[in-house]
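Trainee: Given only the sequences and the hints, what does the whole structure look like? Please build it.
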Amino acid sequence: MNTQSLSKVTIHFAGDSGDGIQLAGSQFTNTTALAGNDLSTFPDFPAEIRAPIGTVAGVSGFQINFGSEKIHTPGGRPDVLVAMNAAAFKKNFPNLKSGGIIVLDSAGFDKKNLRLAAYDESSTPIEDIPKEYQVYAVDITKLNREALKDLSLGSRDKDRSRNMFALGFIYFLYSRSLQTTISFLEAKFKSKPEVLEANLRALNAGYNYGDTIEAISRFKVAPAQMEKGEYRNITGNQATALGLIAAAAKSGLDLFYGSYPITPASDILHELAAHKNRGVKTFQAEDEIAAVTSAIGASFGGALAVTGTSGPGMALKTEGIGLAFMLEIPMVIVNVQRGGPSTGLPTKTEQSDLLQALYGRNGEAPIPVIAANSPADCFSSAFEAARIALEHMTPVILLTDGYIANSSEPWKFPQASSLASIKPPTVKADASHYLPYKRDERDVRSWAIPGTPGLEHRLGGLEKEQETGNVSYEADNHQAMVKVRDRKVRLIAKDYPAQKLIQGPPSGPLLVLGWGNTLGAIQVAVEHALEQGLAVAQLHLKYINPLPEDLGAILSAYERVLIPELNNGQLARLIRDQYLVDAEVLDKIKGQPFLAEEILEKIKSLVEND
Amino acid sequence: MTEPNSAVFTAKEAASDQEVRWCPGCGDYSILKQMQSVIPGLGIKREDIVFISGIGCSSRFPYYMNTYGMHSIHGRAPAVASGLKMVNPDLSVWVITGDGDGLSIGGNHLIHLLRRNLDLNVLLFNNEIYGLTKGQYSPTSEMGKRTKSSPMGSLDHPFNPLALALGADATFVARTIDRDPVHLRGVLETSNLHKGTSFIEIYQNCNVFNDGAFLSYSDKKQKGQHIILLEEGQPLLFDEGKKGIRLNGLKPEIVDLEEGFSANDLWIHDSRDATKAYLLSRFFDDNFPRPFGVFYQEDRPCYEEQLIAQINHAKEIQGETDLDDLLRGKRSWTVD
Numbered sequence: 001m002n003t004q005s006l007s008k009v010t011i012h013f014a015g016d017s018g019d020g021i022q023l024a025g026s027q028f029t030n031t032t033a034l035a036g037n038d039l040s041t042f043p044d045f046p047a048e049i050r051a052p053i054g055t056v057a058g059v060s061g062f063q064i065n066f067g068s069e070k071i072h073t074p075g076g077r078p079d080v081l082v083a084m085n086a087a088a089f090k091k092n093f094p095n096l097k098s099g100g101i102i103v104l105d106s107a108g109f110d111k112k113n114l115r116l117a118a119y120d121e122s123s124t125p126i127e128d129i130p131k132e133y134q135v136y137a138v139d140i141t142k143l144n145r146e147a148l149k150d151l152s153l154g155s156r157d158k159d160r161s162r163n164m165f166a167l168g169f170i171y172f173l174y175s176r177s178l179q180t181t182i183s184f185l186e187a188k189f190k191s192k193p194e195v196l197e198a199n200l201r202a203l204n205a206g207y208n209y210g211d212t213i214e215a216i217s218r219f220k221v222a223p224a225q226m227e228k229g230e231y232r233n234i235t236g237n238q239a240t241a242l243g244l245i246a247a248a249a250k251s252g253l254d255l256f257y258g259s260y261p262i263t264p265a266s267d268i269l270h271e272l273a274a275h276k277n278r279g280v281k282t283f284q285a286e287d288e289i290a291a292v293t294s295a296i297g298a299s300f301g302g303a304l305a306v307t308g309t310s311g312p313g314m315a316l317k318t319e320g321i322g323l324a325f326m327l328e329i330p331m332v333i334v335n336v337q338r339g340g341p342s343t344g345l346p347t348k349t350e351q352s353d354l355l356q357a358l359y360g361r362n363g364e365a366p367i368p369v370i371a372a373n374s375p376a377d378c379f380s381s382a383f384e385a386a387r388i389a390l391e392h393m394t395p396v397i398l399l400t401d402g403y404i405a406n407s408s409e410p411w412k413f414p415q416a417s418s419l420a421s422i423k424p425p426t427v428k429a430d431a432s433h434y435l436p437y438k439r440d441e442r443d444v445r446s447w448a449i450p451g452t453p454g455l456e457h458r459l460g461g462l463e464k465e466q467e468t469g470n471v472s473y474e475a476d477n478h479q480a481m482v483k484v485r486d487r488k489v490r491l492i493a494k495d496y497p498a499q500k501l502i503q504g505p506p507s508g509p510l511l512v513l514g515w516g517n518t519l520g521a522i523q524v525a526v527e528h529a530l531e532q533g534l535a536v537a538q539l540h541l542k543y544i545n546p547l548p549e550d551l552g553a554i555l556s557a558y559e560r561v562l563i564p565e566l567n568n569g570q571l572a573r574l575i576r577d578q579y580l581v582d583a584e585v586l587d588k589i590k591g592q593p594f595l596a597e598e599i600l601e602k603i604k605s606l607v608e609n610d
Numbered sequence: 001m002t003e004p005n006s007a008v009f010t011a012k013e014a015a016s017d018q019e020v021r022w023c024p025g026c027g028d029y030s031i032l033k034q035m036q037s038v039i040p041g042l043g044i045k046r047e048d049i050v051f052i053s054g055i056g057c058s059s060r061f062p063y064y065m066n067t068y069g070m071h072s073i074h075g076r077a078p079a080v081a082s083g084l085k086m087v088n089p090d091l092s093v094w095v096i097t098g099d100g101d102g103l104s105i106g107g108n109h110l111i112h113l114l115r116r117n118l119d120l121n122v123l124l125f126n127n128e129i130y131g132l133t134k135g136q137y138s139p140t141s142e143m144g145k146r147t148k149s150s151p152m153g154s155l156d157h158p159f160n161p162l163a164l165a166l167g168a169d170a171t172f173v174a175r176t177i178d179r180d181p182v183h184l185r186g187v188l189e190t191s192n193l194h195k196g197t198s199f200i201e202i203y204q205n206c207n208v209f210n211d212g213a214f215l216s217y218s219d220k221k222q223k224g225q226h227i228i229l230l231e232e233g234q235p236l237l238f239d240e241g242k243k244g245i246r247l248n249g250l251k252p253e254i255v256d257l258e259e260g261f262s263a264n265d266l267w268i269h270d271s272r273d274a275t276k277a278y279l280l281s282r283f284f285d286d287n288f289p290r291p292f293g294v295f296y297q298e299d300r301p302c303y304e305e306q307l308i309a310q311i312n313h314a315k316e317i318q319g320e321t322d323l324d325d326l327l328r329g330k331r332s333w334t335v336d
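Residue numbers (this note's numbering), protein chains in the order written: chain A, 1 to 610; chain B, 1 to 336.
Simulated from the structure, these hints should not be mistaken for laboratory data.
Heads up, a few of these hints could be off.
[Stated by the list, open to error] Below, simulated BS3-like cross-link-like pairs (lysine-lysine); rule was C-alpha separation at most 25 angstroms, straight line:
1) B/Lys315 x A/Lys188
2) A/Lys276 x A/Lys188
3) A/Lys142 x A/Lys112
4) B/Lys33 x A/Lys190
5) A/Lys97 x A/Lys220
6) B/Lys45 x A/Lys428
7) B/Lys330 x A/Lys192
8) A/Lys494 x A/Lys483
9) B/Lys12 x B/Lys33
10) A/Lys250 x B/Lys330
11) B/Lys330 x A/Lys228
12) B/Lys134 x B/Lys145
13) A/Lys412 x A/Lys428
14) A/Lys70 x A/Lys8
15) A/Lys188 x B/Lys330
16) B/Lys315 x A/Lys276
17) A/Lys70 x A/Lys91
18) A/Lys483 x A/Lys70
19) A/Lys70 x A/Lys488
20) A/Lys8 x A/Lys276
21) A/Lys90 x A/Lys588
22) A/Lys142 x A/Lys192
23) A/Lys250 x A/Lys112
24) A/Lys188 x A/Lys131
25) A/Lys131 x A/Lys97
26) B/Lys315 x A/Lys250
27) A/Lys276 x B/Lys12
28) A/Lys149 x A/Lys97
29) A/Lys438 x A/Lys483
30) A/Lys500 x A/Lys228
31) B/Lys315 x A/Lys190
32) A/Lys428 x A/Lys438
33) A/Lys412 x B/Lys330
34) A/Lys428 x A/Lys250
35) A/Lys111 x A/Lys70
[Unchecked claim] Pairwise CB distance ranges (calculated):
36) B/Asp90 x A/Pro497: 38 to 46 angstroms
37) A/Gly18 x B/Glu320: 33 to 41 angstroms
38) B/Glu320 x A/Asp287: 30 to 38 angstroms
Don't be surprised by glycine CBs; every beta carbon is placed ideally from N, CA and C.
Mentor: Encoded structure:
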């Protein structure tokens with residue numbers, strides 16, 4: 001038996017949506033993170049909780065890319081495919097790298113499974129795998145039942161631990177310790193000793209199976225050269241929740257989160273609901289409208305008020321967001337984007353709510369928009385969204401998406417003391433005549449919290465007189481108010497740090513401009529382009545409204561601007577509108593993130609043709 | 001010199017400096033006046049009082065109260081008020097809504113507020129018409145009502161607001177009317193004492209689009225025969241005590257006290273009896289006089305109290321996690 005060292009591996013776990021694929025994937029992720037690798041993951045599952053068993057539509061997948069080098073994406077074509085049934089194999093085999101490794105449960109390729117996967121019953125997909133692939137066709141179901149034979153669980157319950165057998169085998173293959181998963185199982189099944197025993201035995205059986213079969217190659221992936229410090233693994237939705245909690249702590253306010261369950265945003269609600277011991281108030285509202293308007297009430301009451309949702313829920317919140325804008329109260333609206341329009345592709349990713357975030361309200365209602373670009377970046381983006389909301393007295397839209405929300409990566413988390421304080425313009429008791437819409441030099445009004453004596457005032461969605469906030473239908477006042485609310489939002493850009501290129505020359509033939517989840521894929525693509533001698537630069541936007549003041553100068557230093565986005569060209573429209581730059585669009589609207597190679601190909605077609 | 005943070009203030013100080021802009025003769029004036037006279041006597045500091053409204057004629061109300069207030073969006077006042085009360089539970093929060101705002105566009109929020117039972121007071125001004133949009137039928141308009149949007153008569157069966165509130169498990173349900181200031185003030189005071197969501201339907205005359213809708217309950221000559229004033233522990237009497245209601249099993253019957261029945265035969269009002277409250281709420285057609293007063297009240301823990309209790313419990317058993325520990329999570333590793 002030999003052990004080969006690798007710098008980077010991509011594994012794709014796939015099986016039926018009831019096979020425990022997400023659990024196996026997240027366990028492999030935790031173990032890999034603790035082993036010191038850099039990593040990036042991408043869970044991809046069907047919209048149905050239990051899609052038709054055994055079918056291609058019901059396949060749940062989890063991809064992890066890990067290495068001893070810096071990892072920017074969950075990987076393109078995987079090196080390893082774990083397929084628990086014929087459907088999982090059928091769906092994912094075409095993506096596998098030529099000559100890759102296939103681990104499959106041969107019991108999942110019987111006649112019934114072949115039929116469900118829409119194979120001809122007489123076909124032999126395992127035998128038909130070309131010779132260059134390395135195939136481990138293991139009857140996991142049978143071996144696993146054998147390992148658990150003296151347990152009193154029914155065979156259906158026994159089969160539920162097949163995922164641990166497969167995971168154990170992969171742990172063996174990649175020279176991983178079982179300890180993290182053992183501890184996890186012990187905690188998870190503390191009250192179900194029999195189930196715990198089954199899972200532990202399955203995990204060990206899978207590992208030992210690897211140890212007993214002959215002529216197997218094992219692999220080792222050394223720890224990555226990561227920046228010094230303390231790390232944890234985190235998903236985007238967890239990071240968003242923590243960013244909000246941190247912002248509440250740094251502003252000295254209570255956190256209120258009003259939300260209605262929706263995929264893929266619900267995990268933010270779940271995460272926040274688990275932190276009641278920090279005083280976090282979560283409210284599962286009766287609908288999306290109550291979610292946003294309860295947050296408006298909470299903001300009026302002096303809390304850091306947040307509502308979270310995904311595209312269709314955002315549509316329902318529109319009027320409420322308009323009210324928050326008109327009242328000029330702080331609020332964060334998190335949109336974990338998914339495939340649209342309407343119900344669209346609930347479990348798939350897309351960046352198609354950008355124009356909705358920018359323009360989706362009646363009247364002149366510009367709202368700051370911030371986009372997170374990776375799972376860990378959701379933390380700083382949520383924190384920044386809350387800072388802008390509180391310090392500038394405005395609702396702020398934070399865009400994340402299903403990809404980064406569910407994916408995970410190692411996060412070098414900050415020290416609480418290193419996070420800046422947030423200072424909302426709260427007014428203390430004052431007996432003199434209070435003017436709720438009097439503004440400071442940034443055009444920001446003050447925040448008077450009910451319960452404060454002497455500051456009693458009324459506000460509402462009707463147009464207000466300047467300074468007093470009293471209802472006014474006066475013509476010139478309306479124009480002035482529309483202009484000042486717009487200017488207030490534009491002035492937020494004064495706080496931004498200078499825009500920095502991620503890589504590439506400060507001027508030249510091509511700038512690749514991105515926003516949101518495309519960061520990693522663009523980074524890899526541009527790295528390769530630079531290695532190949534193409535003069536390409538990369539810039540990534542976090543602040544989409546208002547746009548950074550130095551963006552125009554950067555754009556004008558390049559002959560062409562390429563914008564890859566998971567929509568039909570929404571940022572490109574904005575860039576054309578704002579800068580009269582004829583940006584090229586690379587669109588992908590397939591519910592899946594970009595592969596670096598797709599972007600590289602486009603870069604080459606633009607630069608090499610010149 | 002006046003002390004702005006005192007719980008003692010005058011009715012005049014309860015009024016804001018804004019010009020009231022309802023149509024002359026609108027029933028809203030009376031409700032506003034009673035509120036401005038009642039609220040200083042409740043022992044609540046002015047800065048702790050908040051009025052939250054939606055959209056509609058009634059929803060202009062907060063602008064006229066010299067307290068904190070928000071004129072929000074159509075139908076959503078119960079949700080706004082819920083968020084406010086959850087983060088700031090010491091406030092005295094009053095929701096002002098109407099039959100269109102509260103029962104049509106905002107019906108969902110209203111029923112969910114009632115079942116959650118936050119400690120808020122909901123005043124539903126029912127004029128059985130859309131006033132601000134100039135006279136379309138509302139969810140409480142009678143069937144067959146001819147309006148601009150129903151020239152051949154409305155096909156909509158109307159809501160019975162109190163039966164709806166009881167169906168949503170409201171913990172305080174009452175009805176009063178704009179033209180009876182004494183009764184209106186009494187109900188406002190009683191509702192303020194209730195811990196939980198108080199739902200008060202106020203019959204309010206829209207003299208422009210639905211004049212006289214409640215005339216039989218306010219007109220001195222007619223009202224005796226058409227209303228029952230509910231009083232705790234007292235028999236259900238009307239028509240100057242000449243008639244009463246008795247319960248024959250679960251079937252209410254009108255009986256004539258001048259023809260052999262005495263007060264001892266009558267239904268005694270018990271606002272803690274949910275079944276009786278429901279039967280009372282069904283006095284909703286011309287066969288029975290219309291009841292006014294407190295139909296029902298029960299003590300049930302408030303949502304925001306339980307929310308805070310959960311938070312305190314979590315702090316007790318888990319401790320208040322330090323922000324650094326929270327960011328670190330359960331599994332971290334160090335790269336040297």
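Trainee: Sort out whether A/Lys228 lies within 25 angstroms of A/Lys500, counting only the CA atoms.
Mentor: holds (23 angstroms)
Trainee: Does the alpha-carbon distance linking A/Lys412 and A/Lys428 stay inside the 25 angstroms limit?
Mentor: Status violated; Cα separation ~38 angstroms.
Trainee: Against the 25 angstroms threshold, does the CA-CA distance of A/Lys149 and A/Lys97 hold or violate the hint?
Mentor: violated (37 angstroms)
Trainee: Measure nothing beyond the straight line between the CA atoms of A/Lys8 and A/Lys276; if it is 25 angstroms or shorter, mark the hint as holding.
Mentor: violated (40 angstroms)
Trainee: For a C-alpha distance cap of 25 angstroms, please report whether A/Lys494 and A/Lys483 respect it.
Mentor: holds (18 angstroms)
Trainee: For the pair supplied as a hint, A/Lys428 and A/Lys250, confirm whether the alpha-carbon distance does not exceed 25 angstroms.
Mentor: With a Cα-Cα distance of about 19 angstroms, the restraint between A/Lys428 and A/Lys250 holds, given a limit of 25 angstroms.
Trainee: Is the gap between the beta carbons of B/Glu320 and A/Asp287 within 30 to 38 angstroms?
Mentor: About 32 angstroms separates the Cβ atoms of B/Glu320 and A/Asp287, which means 30 to 38 angstroms holds.
Trainee: Under the criterion that the straight-line Cα-Cα distance not exceed 25 angstroms, is the pair A/Lys428, A/Lys438 satisfied?
Mentor: Roughly 15 angstroms separates the two Cα atoms, so the pair holds.
Trainee: Please work out if B/Lys330 and A/Lys192 have their alpha carbons no farther apart than 25 angstroms.
Mentor: holds (22 angstroms)
Trainee: Does A/Lys190 sit within 25 angstroms of B/Lys33, going by the straight-line distance between their CA atoms?
Mentor: violated (64 angstroms)
Trainee: Holds or violated: A/Lys111 with A/Lys70, Cα cutoff 25 angstroms?
Mentor: Given that 25 angstroms is the threshold and the Cα spacing comes to 43 angstroms, the pair is violated.
Trainee: Does A/Lys8 lie within 25 angstroms of A/Lys70 when you go C-alpha to C-alpha?
Mentor: holds (9 angstroms)
In summary, the structure is inconsistent with hints 4, 13, 17, 18, 19, 20, 23, 24, 27, 28 and 35 from the numbered list given earlier, while agreeing with the others.
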